[in-house]
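Note that the protein sequences, when read in sequence, are chains A and B. For what it's worth, the numbering used here labels the leading residue of the first sequence as 1, then goes sequentially. For what it's worth, the numbering used here labels the leading residue of the second sequence as 1, then goes sequentially.
The hints are simulated quantities; they were obtained by calculation from the structure and are not laboratory data. Mixed in with the good hints, there may be bad ones.
Below 25 Å or equal to it, Euclidean Cα-Cα: the simulated SDA-like pairs (lysine to any residue) are [claimed, not checked]:
id, chain 1, residue 1, chain 2, residue 2
1, A, K72, B, R168
2, B, K131, B, G193
3, A, K72, B, G250
4, A, K20, A, W74
Rough simulated footprint, nothing fancy, chain B against chain A, three-plus residues with beta-carbon under 8 Å [said to hold, decoys possible]:
id, stretch
5, 72 to 82
6, 94 to 107
7, 204 to 218
Virtual Cβ for every residue (Gly too), placed ideally from N, Cα, C.
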Amino acid sequence: MLNVKHLSVRIGGGFNRPGKNLLTNINLHLGHGEKLAVLGANGAGKSTLLKCLCGELSDYQGDIILDHLSLKFWQGAERARQMAVMPQKVELAFPFRVDQVVALGRAPHGDENQSTALQRAAMQCADVWHLRQRSYSGLSGGEQQRVQLARVLAQIWLAERNEQGQELPRYLLLDECTSALDPAHQHSIMQRVGEFAGRGVAVLAVMHDISLAASWADRVLILRHGEVLACGGVELLADAQLLATAYALEAPLAQRYAQQNLGWMQA
Amino acid sequence: MPGAVIRLQGPRLALLQFAAVRQVLLFFAAAGLLMLLILLSLRTGPVELNNTQVLQSLWNAITFADIQGQSDWVVRELRLPRTLLAVLVGAGLAAAGAVTQGVFRNPLADPGLIGVASGAALAAVAVIVLKDSLLAFWVAIMGPLALPIAAFIGGLAVTLVIYRLGTRNGQTQVATLLLAGVAINVLTGALTGILTYMADDQALRSMTFWSMGSLAHGRWPEIAALSVCIILPLCFLPRFARLLNALLLGEAVATHLGYRVQQAKLWLITAAALMVGAGVAVAGMIGFIGLVVPHLLRLLIGPDHRALLPASVLLGASLLLIADMIARTWLSPADLPVGLVMAVIGGPVFLSLLLQQVKHSRG
Numbered sequence: 001m002l003n004v005k006h007l008s009v010r011i012g013g014g015f016n017r018p019g020k021n022l023l024t025n026i027n028l029h030l031g032h033g034e035k036l037a038v039l040g041a042n043g044a045g046k047s048t049l050l051k052c053l054c055g056e057l058s059d060y061q062g063d064i065i066l067d068h069l070s071l072k073f074w075q076g077a078e079r080a081r082q083m084a085v086m087p088q089k090v091e092l093a094f095p096f097r098v099d100q101v102v103a104l105g106r107a108p109h110g111d112e113n114q115s116t117a118l119q120r121a122a123m124q125c126a127d128v129w130h131l132r133q134r135s136y137s138g139l140s141g142g143e144q145q146r147v148q149l150a151r152v153l154a155q156i157w158l159a160e161r162n163e164q165g166q167e168l169p170r171y172l173l174l175d176e177c178t179s180a181l182d183p184a185h186q187h188s189i190m191q192r193v194g195e196f197a198g199r200g201v202a203v204l205a206v207m208h209d210i211s212l213a214a215s216w217a218d219r220v221l222i223l224r225h226g227e228v229l230a231c232g233g234v235e236l237l238a239d240a241q242l243l244a245t246a247y248a249l250e251a252p253l254a255q256r257y258a259q260q261n262l263g264w265m266q267a
Numbered sequence: 001m002p003g004a005v006i007r008l009q010g011p012r013l014a015l016l017q018f019a020a021v022r023q024v025l026l027f028f029a030a031a032g033l034l035m036l037l038i039l040l041s042l043r044t045g046p047v048e049l050n051n052t053q054v055l056q057s058l059w060n061a062i063t064f065a066d067i068q069g070q071s072d073w074v075v076r077e078l079r080l081p082r083t084l085l086a087v088l089v090g091a092g093l094a095a096a097g098a099v100t101q102g103v104f105r106n107p108l109a110d111p112g113l114i115g116v117a118s119g120a121a122l123a124a125v126a127v128i129v130l131k132d133s134l135l136a137f138w139v140a141i142m143g144p145l146a147l148p149i150a151a152f153i154g155g156l157a158v159t160l161v162i163y164r165l166g167t168r169n170g171q172t173q174v175a176t177l178l179l180a181g182v183a184i185n186v187l188t189g190a191l192t193g194i195l196t197y198m199a200d201d202q203a204l205r206s207m208t209f210w211s212m213g214s215l216a217h218g219r220w221p222e223i224a225a226l227s228v229c230i231i232l233p234l235c236f237l238p239r240f241a242r243l244l245n246a247l248l249l250g251e252a253v254a255t256h257l258g259y260r261v262q263q264a265k266l267w268l269i270t271a272a273a274l275m276v277g278a279g280v281a282v283a284g285m286i287g288f289i290g291l292v293v294p295h296l297l298r299l300l301i302g303p304d305h306r307a308l309l310p311a312s313v314l315l316g317a318s319l320l321l322i323a324d325m326i327a328r329t330w331l332s333p334a335d336l337p338v339g340l341v342m343a344v345i346g347g348p349v350f351l352s353l354l355l356q357q358v359k360h361s362r363g
């Protein structure tokens with residue numbers, strides 16, 4: 001499992017200006033098969049939290065523990081075999097084909113050419129199998145996002161096993177992975193990701209769309225100004241007061257969102 | 001519906017295999033072309049030679065036999081060093097180009113941008129102009145290798161400075177790095193200009209030749225030093241091919257895929273600087289190969305570095321060999337600077353590639 005203990009991130013702080021806390025004392029627990037949505041207004045620290053969790057940002061106080069071992073002691077290659085990260089937007093410098101992009105997901109395992117069946121399954125799961133011969137750069141934003149999803153799914157499609165033959169836990173971190181998708185794909189993709197969680201993968205998704213979060217997540221973590229405002233079951237999203245604080249919403253609007261979220265949860 | 005899927009599979013699969021076979025064939029074709037060009041290069045020149053003589057001389061050279069007669073001497077002491085020099089420099093420049101374009105995720109990231117060429121030029125010009133005054137001690141110590149070694153050190157030093165300027169907290173910002181490169185290149189250019197202004201006629205002449213690039217001055221000692229500086233990095237590059245592929249998705253994604261990106265970037269830039277610096281040191285400024293060859297190959301075989309790096313080596317060597325043959329024979333007995341020939345070939349080729357790409361993206 002993934003345990004975050006007293007995580008703080010501070011930037012800046014030159015000799016003539018104060019620093020800024022991007023994250024302050026975050027505590028978080030993510031177990032196997034859990035679907036956690038991280039929510040919050042723009043600049044609340046969602047992406048910074050994700051960057052810390054995936055090893056991109058290592059200049060933090062506190063500790064992040066992945067399977068009983070501090071993240072700082074993980075080898076990059078080993079971590080990549082168990083943890084896949086999907087960024088918000090990936091632009092390619094040179095025109096790879098879609099199937100080549102997906103094959104890159106197998107790079108940590110070194111079996112790009114042997115794992116074609118698995119790559120195909122991942123592409124079908126993200127609904128990009130029919131695009132496999134196309135150039136990635138020529139795709140629309142939403143199609144590119146689905147290709148990236150196929151890549152990260154391929155990366156952790158099968159659980160690694162340790163010497164004793166036990167399956168090692170897998171983690172999937174998503175950064176607003178549905179931001180460019182149409183509603184049909186938003187829901188079908190999140191459903192596929194949910195099924196993935198059903199196979200024991202711990203999924204953490206930074207989300208923008210609160211109703212999508214309400215329809216998908218088990219638990220939510222709501223950040224505000226880099227601090228945890230609330231953490232708990234998805235039913236928190238039906239709390240108008242909480243939404244009003246988290247997003248600085250006016251009361252009637254927050255009320256309407258809460259109503260809507262309740263509808264999504266019951267659906 | 002499943003039927004439709006299966007019907008599509010056959011031809012698609014065949015297409016995929018065809019692509020793989022095509023890649024292998026292209027590879028053999030490129031290697032064959034290089035061999036042919038080497039042979040042709042050994043034959044070409046004022047003294048006409050036939051294949052048997054050339055092959056006999058090659059065999060003599062490999063077995064370290066004594067030089068037998070004029071034709072043997074021509075091949076082994078004049079043409080073979082020059083041919084090898086062209087192969088090494090061309091291969092190094094093209095591979096360095098592929099690497100820098102991959103690391104900086106930019107098709108225009110010529111090795112010149114990270115300061116190798118301008119640093120080497122500054123050091124070389126300094127040696128040429130100041131060899132009787134300020135740098136007399138250097139020439140006294142190094143003897144005939146004073147210029148190439150100084151150029152090599154200069155190129156590496158300037159690259160290191162630019163890399164340091166572009167790196168904050170262990171993270172390289174490509175934009176900062178390229179801008180720092182521009183600034184430092186202007187600075188070294190100005191210093192080179194000042195030295196040029198101070199130079200006398202003799203120094204000006206040798207400076208001009210050096211800045212236009214020529215393969216005429218390579219002898220066996222230089223080639224031995226050069227081959228270490230180019231072949232060693234080339235042997236290490238395939239290890240980084242996968243990382244370069246991952247890097248095309250961005251540094252963050254490459255980190256997520258488990259690569260140690262910062263460390264690898266330092267290695268790759270050093271390797272590129274080593275290859276270009278060594279090449280520039282011996283052969284002067286030869287542009288366009290580092291830019292054109294990887295670009296052309298990406299159009300032909302795609303951006304997968306596992307194929308792109310070796311293919312760049314083969315095509316870069318071939319291209320410089322062709323340019324050198326033209327340089328030697330076009331206005332024979334005059335020996336044109338190969339850098340000029342390369343620019344004359346490279347400019348139009350690059351333009352036509354560019355126009356073709358624009359047409360493709362519109363159509």
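Out of the numbered hints, which ones does the structure contradict?
Going through the list in order, the structure violates hints 4, 7 and respects the others.
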